[in-house]
Amino acid sequence: MKNILWTLALCAAVTAQAETVYVTLEKDNALAVVDPIAGKLTKTVPVGQRPRGIAISPDNKFLYIATSDDDTIKIIDAETLEEVGRLPSGEDPETFAVSPDGSLMFVSNEDDSQVTVIDVQERKAIKEIKVGVEPEGIAASPNGRWVISASETTNMLHWIDTESLAIVDNTLVDPRPRALSFTADSKFVWATSEMAGTLTILDAETRQIIKNIKLEVPGVTFDKIQPVGVAIDKDNRWGYVALGPANRVAVINAKTYEVEKFLLVGERVWNLAFSPDQKRLYTTNGVSNDISIIDLASHKVTKSVGVGRYPWGVVAKP
Amino acid sequence: MIVRSLLLGISMLSLTVFVAQAEQKQEIEIVYFTQEKIAPPALSNLDPFIKDKGELGAELAIDDNNTTGQFTGQLYKLNKIIVPIDGDVAQEFNDKIAGKFSFVVANLPVDDLLKIIDANQPEQTLIFDTGTTDDSLRQRCGADVLHILPSRAMRADALAQYLLKKRWTKWFLVTGASDEDKLFAAAIKRSAKRFGMNIVAEKAWDHTYDARRTAQSDVPVFTQGVDYDILIVADEQGLFGEYLDYRTWIPRPVVGTQGLIATSWHRTHEQWGAVQIQNRFKEQKGRWMEEADYGAYLAIRAVGEAATRTQSSQLNDIKPYLLSDKLTLQGYKGRPLSFRIWNGQLRQPLLLAAPRSLVAVAPIEGFLHPKTELDTLGYDQPETKCK
Numbered sequence: 001m002k003n004i005l006w007t008l009a010l011c012a013a014v015t016a017q018a019e020t021v022y023v024t025l026e027k028d029n030a031l032a033v034v035d036p037i038a039g040k041l042t043k044t045v046p047v048g049q050r051p052r053g054i055a056i057s058p059d060n061k062f063l064y065i066a067t068s069d070d071d072t073i074k075i076i077d078a079e080t081l082e083e084v085g086r087l088p089s090g091e092d093p094e095t096f097a098v099s100p101d102g103s104l105m106f107v108s109n110e111d112d113s114q115v116t117v118i119d120v121q122e123r124k125a126i127k128e129i130k131v132g133v134e135p136e137g138i139a140a141s142p143n144g145r146w147v148i149s150a151s152e153t154t155n156m157l158h159w160i161d162t163e164s165l166a167i168v169d170n171t172l173v174d175p176r177p178r179a180l181s182f183t184a185d186s187k188f189v190w191a192t193s194e195m196a197g198t199l200t201i202l203d204a205e206t207r208q209i210i211k212n213i214k215l216e217v218p219g220v221t222f223d224k225i226q227p228v229g230v231a232i233d234k235d236n237r238w239g240y241v242a243l244g245p246a247n248r249v250a251v252i253n254a255k256t257y258e259v260e261k262f263l264l265v266g267e268r269v270w271n272l273a274f275s276p277d278q279k280r281l282y283t284t285n286g287v288s289n290d291i292s293i294i295d296l297a298s299h300k301v302t303k304s305v306g307v308g309r310y311p312w313g314v315v316a317k318p
Numbered sequence: 319m320i321v322r323s324l325l326l327g328i329s330m331l332s333l334t335v336f337v338a339q340a341e342q343k344q345e346i347e348i349v350y351f352t353q354e355k356i357a358p359p360a361l362s363n364l365d366p367f368i369k370d371k372g373e374l375g376a377e378l379a380i381d382d383n384n385t386t387g388q389f390t391g392q393l394y395k396l397n398k399i400i401v402p403i404d405g406d407v408a409q410e411f412n413d414k415i416a417g418k419f420s421f422v423v424a425n426l427p428v429d430d431l432l433k434i435i436d437a438n439q440p441e442q443t444l445i446f447d448t449g450t451t452d453d454s455l456r457q458r459c460g461a462d463v464l465h466i467l468p469s470r471a472m473r474a475d476a477l478a479q480y481l482l483k484k485r486w487t488k489w490f491l492v493t494g495a496s497d498e499d500k501l502f503a504a505a506i507k508r509s510a511k512r513f514g515m516n517i518v519a520e521k522a523w524d525h526t527y528d529a530r531r532t533a534q535s536d537v538p539v540f541t542q543g544v545d546y547d548i549l550i551v552a553d554e555q556g557l558f559g560e561y562l563d564y565r566t567w568i569p570r571p572v573v574g575t576q577g578l579i580a581t582s583w584h585r586t587h588e589q590w591g592a593v594q595i596q597n598r599f600k601e602q603k604g605r606w607m608e609e610a611d612y613g614a615y616l617a618i619r620a621v622g623e624a625a626t627r628t629q630s631s632q633l634n635d636i637k638p639y640l641l642s643d644k645l646t647l648q649g650y651k652g653r654p655l656s657f658r659i660w661n662g663q664l665r666q667p668l669l670l671a672a673p674r675s676l677v678a679v680a681p682i683e684g685f686l687h688p689k690t691e692l693d694t695l696g697y698d699q700p701e702t703k704c705k
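Here the protein sequences come in this chain order: A and B.
Going by my numbering, the letters in the first sequence line up with residues 1 to 318, in that order.
Going by my numbering, the letters in the second sequence line up with residues 319 to 705, in that order.
No lab work stands behind these hints: they were computed from the structure.
Heads up, the beta-carbon is just placed ideally off N, CA and C, and yes, glycines get one too.
Watch out, some of these pointers could steer you wrong.
[Stated by the list, open to error] With a cut-off of at most 20 Å between alpha-carbon atoms, the simulated DMTMM-like pairs for lysine to aspartate or glutamate come out as follows: (1) B:Lys433 - B:Asp406; (2) B:Lys343 - A:Asp169; (3) B:Lys600 - A:Asp70; (4) B:Lys600 - A:Glu258; (5) B:Lys600 - A:Asp71; (6) A:Lys40 - A:Asp70; (7) B:Lys395 - B:Asp635.
[Said to hold, decoys possible] Over the 10 Å line for every Cβ pair with chain B, so calculated as not near, a few chain A residues: (8) Asp111; (9) Glu122; (10) Asn155; (11) Val217; (12) Pro276.
Take the sequences, apply the hints, and build the full model.
Following this line, the structure appears as structure tokens:
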């Protein structure tokens with residue numbers, strides 16, 4: 001009897017912790033599904049040509065996956081993993097941002113130097129906004145006020161007003177801006193510059209740069225430190241920056257902007273995602289073909305899980 | 319009507335740029351200077367002769383600069399000056415360019431380039447050399463000319479690093495008849511010495527025009543009797559190098575000017591965003607981006623990057639920026655590019671490419687340098703007389 005109770009309790013605990021991590025595999029044209037608690041790849045499903053950017057709808061029901069060589073963003077049922085629709089993303093979609101209410105999607109069209117705005121409900125493109133050369137990173141502020149598009153070759157952040165869907169300001173940043181993220185209170189923006197090896201922090205109110213951090217790893221030459229993905233926790237305590245071929249994630253104090261630690265992960269670490277409870281951080285490692293799982297309480301890498309060729313984007317669902 | 323004003327908010331290391339007034343745009347005119355070419359003799363019709371190598375790269379760079387310029391209030395113009403086949407390059411330079419333009423992208427052979435360097439006033443015009451790979455040109459100290467393409471020494475070092483990594487240390491060097499082939503062979507010999515390689519045999523390929531001799535019968539005999547790891551060919555024009563692979567006496571790969579080559583750009587290159595520019599180029603121009611296109615592209619993008627950062631169209635602002643350690647030019651090769659201030663050579667990774675596969679990118683892992691590993695390729699400052 002005692003045993004049965006134990007088993008039941010254990011089951012309940014496991015169920016409560018259940019979580020699914022989805023990883024796009026750029027070279028395998030597939031989506032990897034990972035159980036992060038067990039640290040296991042559970043399945044791999046074909047998803048379309050050259051899948052890269054991935055996001056989940058605010059209600060956790062649908063995955064949005066940019067299948068770049070299919071020139072579309074696919075809507076995938078997060079449970080059945082069946083395709084339920086497609087969004088007219090424009091050519092070669094790579095990264096995109098979803099508005100906090102899930103109604104609008106903003107897609108970077110790298111080859112056309114523009115951002116396509118999509119009405120998700122209607123599955124219709126409603127506007128094209130001209131930005132700089134090779135727009136890549138894009139983020140929507142949690143308060144719904146801004147969408148910022150970063151153009152890699154123009155080296156600018158373009159501030160798109162979500163009311164007028166027009167650019168109202170441009171900020172020149174260090175060479176090859178890659179990714180950006182707002183703090184949960186929408187007050188600050190963190191943007192990485194791959195070629196300069198820097199992280200720029202902006203005040204979203206004044207749209208001014210307030211801090212520029214040169215990321216330096218002891219024993220690694222400057223030109224290998226190429227910051228890409230960036231994530232900040234919801235309490236605004238820690239920010240994390242993936243450093244590409246430096247194979248590390250920088251842990252940055254979000255109050256003092258001091259770099260506190262570098263965590264060694266897989267090769268060419270690209271993108272980052274929190275677990276829904278923000279107890280873990282997942283990293284995609286493009287060259288070593290795995291994801292790393294970081295425990296955020298201890299700031300330690302606890303596991304790496306092989307997923308397939310060129311893991312690119314990652315998102316977690318409770 | 320949107321009220322627009324040009325304001326510069328300098329904070330930290332970067333600038334905040336507001337949309338500038340259309341009628342007050344800073345104009346930056348860049349000359350693309352070259353001479354028409356006649357199709358050289360070729361081994362086969364596989365690769366058609368491309369007339370506008372370089373020119374289309376310049377066009378794409380101007381477009382990219384202008385996409386950025388719409389946000390910085392700068393307008394870039396490309397002025398193409400193409401000397402006819404029987405024209406005089408130095409004369410055209412003196413008549414049309416000298417004293418009139420600040421930035422000239424010169425896609426010219428060494429002799430012609432030297433003539434315009436001699437005629438040029440460096441304080442008036444900055445010349446970007448996108449046509450030569452000559453090391454002697456780069457031994458002229460100072461940075462009155464910026465050399466975009468990697469020199470022969472850089473290419474040879476890139477190959478040597480890879481061959482050393484593979485432990486293919488016994489080299490058989492085959493050199494063609496032209497002066498350029500001899501310069502390439504000299505660069506290979508320099509690299510062999512630098513990296514401790516052993517040139518076990520060296521032969522000249524002399525072109526005899528006897529129809530009874532074919533590649534099939536010629537090459538085995540030519541390569542017989544030597545034990546070596548790798549055949550290195552110096553044939554810049556491509557007159558015989560392609561005949562060597564698969565026809566040698568013992569089975570050995572071919573590298574150099576054919577087979578595995580070291581180049582600053584190649585169609586097999588897709589990493590670090592390269593696939594984006596490859597696609598953009600192909601879609602707009604209808605052919606692959608060639609190395610000469612990449613050279614012209616980078617030269618004009620360098621001007622654009624400096625003009626954006628300095629918010630100036632003036633040579634006096636742009637040239638010092640280009641030669642400073644602030645320049646981190648994005649070249650789709652995973653590392654920031656900059657100029658060697660002692661001789662004006664652009665430091666950059668080199669692609670080691672087979673015809674349909676990118677084999678490696680130099681500097682190869684493990685070749686270290688106190689400043690930047692990119693300076694393990696070609697003549698480093700201590701090896702020159704330059705300060």
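Verification of the supplied hints:
1. Proposed proximity of B:Lys433 and B:Asp406 is supported: the alpha carbons are some 10 Å apart, at most 20 Å.
2. At most 20 Å may separate the alpha-carbon atoms for a hinted pair to count; B:Lys343 and A:Asp169 meet this at roughly 18 Å.
3. Taking the CA atoms of B:Lys600 and A:Asp70, the gap is about 18 Å. The hint holds against a cut of 20 Å.
4. Our distance criterion of 20 Å between C-alpha atoms is broken by B:Lys600 and A:Glu258, whose separation comes to about 44 Å.
5. In summary, the hint linking B:Lys600 to A:Asp71 is supported, as the alpha carbons are separated by about 17 Å, within the 20 Å threshold.
6. A hinted pair counts as satisfied when its Cα atoms are at most 20 Å apart, and A:Lys40 with A:Asp70 does not qualify at roughly 29 Å.
7. In summary, the hint linking B:Lys395 to B:Asp635 is supported, as the alpha carbons are separated by about 18 Å, within the 20 Å threshold.
8. The beta carbon of A:Asp111 sits about 6 Å from the closest Cβ of chain B, which is not more than 10 Å, so the claim that it is off the interface is violated.
9. Listed as outside the interface, A:Glu122 is consistent with that label: its C-beta sits roughly 29 Å from the nearest C-beta of chain B, beyond the 10 Å cut-off.
10. Against the 10 Å criterion, A:Asn155 falls within the reach of chain B, whose nearest CB is about 7 Å from its own CB.
11. Even its closest Cβ contact with chain B, about 15 Å, leaves A:Val217 beyond 10 Å, as expected for a residue assigned away from the interface.
12. Interface exclusion of A:Pro276 from chain B stands, the closest Cβ pair being 32 Å apart, more than 10 Å.
Of the hints listed earlier, those the structure fails to meet are numbers 4, 6, 8, 10, in rising order.
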